[in-house]
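Number of protein chains: 2
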Amino acid sequence: MKDRILIVGAGLVGSLWAVLLAKRGYQVEVFELRNDPRKAGFKGGRSINLAMSDRGWKAMERAGIKDTIRQQAIPMRGRKMHDTAGQLTFQPYGDQDQAIYSVSRGGLNIELIDIADQYDNLKFHFGYKCLGVVAEEAKAHFEHRDTGEHLTVNADRIFGTDGAFSAVRRSLMKALPRFNYSQSFLDYGYKELHIPPTTDGKHALDPNALHIWPRGQFMMIALPNVDGSFTGTLFLAYEGQTPAFDQLNTDEEIMAFFQTYFADAIPLIPNLLEEFRENPTSSLITIRCSPWRYEDKVLIMGDASHAIVPFYGQGMNSGFEDCTLLDELIDAHDGNWAEIIEAFNHSRIKDANAIADLALRNFIEMRDKVADPKFLLRKEIAAHFNKIYPEFLPLYSQVTFSHIPYSEALEEGHAQDALFEEILVLDGIEHNWKDNPEVDRIFRKWMQGRPVLATS
Amino acid sequence: MKDRILIVGAGLVGSLWAVLLAKRGYQVEVFELRNDPRKAGFKGGRSINLAMSDRGWKAMERAGIKDTIRQQAIPMRGRKMHDTAGQLTFQPYGDQDQAIYSVSRGGLNIELIDIADQYDNLKFHFGYKCLGVVAEEAKAHFEHRDTGEHLTVNADRIFGTDGAFSAVRRSLMKALPRFNYSQSFLDYGYKELHIPPTTDGKHALDPNALHIWPRGQFMMIALPNVDGSFTGTLFLAYEGQTPAFDQLNTDEEIMAFFQTYFADAIPLIPNLLEEFRENPTSSLITIRCSPWRYEDKVLIMGDASHAIVPFYGQGMNSGFEDCTLLDELIDAHDGNWAEIIEAFNHSRIKDANAIADLALRNFIEMRDKVADPKFLLRKEIAAHFNKIYPEFLPLYSQVTFSHIPYSEALEEGHAQDALFEEILVLDGIEHNWKDNPEVDRIFRKWMQGRPVLATS
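From first to last, the protein sequence lines are chains A and B. 1 is the number of the first residue of the first sequence in full-length UniProt numbering; add one for each residue after it. 1 is the number of the first residue of the second sequence in full-length UniProt numbering; add one for each residue after it.
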């Protein structure tokens, strides 16, 4: 008889993990706070689209829905920067055949739930709020949000995939004697703004790019949706700096702000003032903790154990990679859960911390550096190195287009920083970097000291 | 009519803060989980003595009990290191007239409660567990630990001085929209071991020193008590390293460990095996959070907002300094609490983070570096600089014998690290540092770049 598995949370990670476990024949029960999104529809307004990259696709493949999702995904081959004069520049993410993909969170979640629901050994229970788990007994308490019914569920193992404000994590925090935990908010909030399709139903901007309006201390971005619209997101300090959300109160202040910084976007957002006033300002949290498990009985995954800021587009991807890695560990340890969970807990936390760091660092890159000539020059030289020496992979590609552990990518990123610090100070480098023997010498010497990275 | 003030927690910081507020005529109610220590006695076994340094004494002076406490305090003028062969070396903390003072936590707490209790406008309530506060209404819920009685207390302002596992902080965490919080445990635990007086009632070791048995990855220390005993504390990894607590299970293993590393301490600890087995292994936590206040209604202080590891002897001192600074702010802002609390929250958090960092860093210094000749050489040269240029204050002195904000001391510490990195690599520095023109040149140049620190 296979283990009874309880999954708390049927978001993206929870429903994917449910599919992978059901496939293997485990008895899976999934409890979710929200109502069934297939009946209730998805609440929009926040995080309506996400960027799927290689780590995510690998997991989709494992779940058998790569092709289905691919059909609803829009490839974004690079960043398109909008300067204050409305001038556009394009910066590819990688090779011409490489892209990240704008996907709908709601659509993807429904797809995963649908697939999971086909298994007889898997059952969803919607509308149940988790009140906490009793870790040492692998049981969880729930309350139905409408009926108030209380329910206790016993299992052999519990997986907490209940997001950044995880109830399962809260229980672990009490049950474990030395639980390291940090929650850290940026002083920035974000607000979503809608860019509808043009009157003839087309995208109002190039749909095959992630649009960025980098403005130094703040920025706006826009990702394409399949219906021809874009979801724009303004990232701005809550207060204290100028400009900041708390400085933008009257219609005049809001319009003046957009006219100064995002003039070319104003005609694209017809309900700008209304949306600015009525859409919520959401916060940006980073969560780190350790350990992630209670013996072999409880494990937290995805945002529940490592919520990150969205600036590297790796929140969903890292959660999906949790599922891939665990699924691989089931094979490697022949279903011995004590070993599987211990191995995952041992190796994955440093990767989660690394992508948390990378995501925070990328905020500065997106809002500021992408408009910096030195940064663009570095990108160009890095792409050139990569063409000559394919084993040289720029940091962005390692994170986005490979399966190299995040912690190794971060380390590699630091090493690449050191390399370019040497190169970018060379005289006249802006013009003479091609076929420059000194650049070549520095690069070759640097490459000799680098480890060979596993790119599979 | 003066504000009604509620203080949650009558530990060291809570009872001192109660004294300072009562002195100013506020209506003060203090609720404490434990029973009245004047009747119940103090539970020993943990944290029985603390090291009072200048920041603490300043606060004692404000409370009017400096002389009383001074009589029960034992000056420790330096570190006395015990090597594995039992050889002793002494390292002064500062000038000959400078010392840190071993004081009894219990005795000091009783003294503070006694003083506070003399005010008619101050009332203690013992045995009440805080269940949480309603921050926006400045009210708190309590339950009596014996009778189970529930009580709600309304105030104008609440101060949470309820320690590292603060219930007030837990409520702030829920009430504030973006509360940054981290709790982080060392992989080390500590265990107290008792060194009784000799048969003729004397201290078994020099009482005017803090004794350290530095062993690289772990250490033991001992602080003197007025009754002729010492409290020894072993700091050791919980697990995974050798040696570690989880490797020491049988009597043979424990004795072999002590014989190898602490042979000279064995005869001093007559109940070694019994105490090792029966005394708890306690954990070492660092807590950082921000903000510390809810409007002008709730403020957390001391360990409740900044618990640190004990290795710089600044846990109590930093909590007492919170009281001093707030008391000074009451004068500076003429009793305007919105301003006082905001100013404190604005300036003090970085200092709390700095002393947290310094305390973590000092663990490595105590267990490892104090036995390192380069480190001792640096101490010697620093003391020499200080004699010639009194404005050069070694980091330890800044933290321990001054009132310089911790964050400035930490910054100065980094700068001093850079200075000594330059000096200690000079050829033959061990022998030729005195009257060495190159040392002098490096030092003078370095001094030119330093800010003048406020030492008062």
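Hints are computed from structural coordinates only; laboratory data are not their basis. Since we're looking at a predicted model, the values are computed, not measured. Treat the hints loosely; a few may be bogus.
Note that the list lumps identical chains together, so a pair holds whenever it fits in one copy or between two copies.
[Said to hold, decoys possible] Here are the simulated DSSO-like cross-link-like pairs (lysine-lysine), alpha carbons at most 30 Å apart as the crow flies: (1) Lys80 / Lys129; (2) Lys369 / Lys66; (3) Lys202 / Lys129; (4) Lys387 / Lys123; (5) Lys387 / Lys445; (6) Lys129 / Lys139; (7) Lys139 / Lys445.
Outcome of the hint check:
Neither within a single protomer nor between protomers do Lys80 and Lys129 lie at most 30 Å apart by alpha-carbon distance, with minima of 41 Å and 58 Å respectively. In the homo-oligomer, the alpha carbons of Lys369 and Lys66 never lie at most 30 Å apart, since the shortest distance is 33 Å inside one protomer and 56 Å across protomers. In this assembly of identical chains, Lys202 and Lys129 lie within 30 Å of each other by CA distance neither inside one copy nor across copies; the values are 41 Å within and 63 Å between. With identical chains, the CA atoms of Lys387 and Lys123 are never at most 30 Å apart, being 49 Å at best within one copy and 76 Å at best between copies.
Proximity of Lys387 and Lys445 under a CA criterion of 30 Å is satisfied intra-copy only: 18 Å inside one chain copy versus 48 Å between copies. Proximity of Lys129 to Lys139 under the C-alpha cut-off of 30 Å is found in both arrangements, the shortest distances being 14 Å within a copy and 29 Å between copies. In the homo-oligomer, the alpha carbons of Lys139 and Lys445 never lie at most 30 Å apart, since the shortest distance is 56 Å inside one protomer and 66 Å across protomers.
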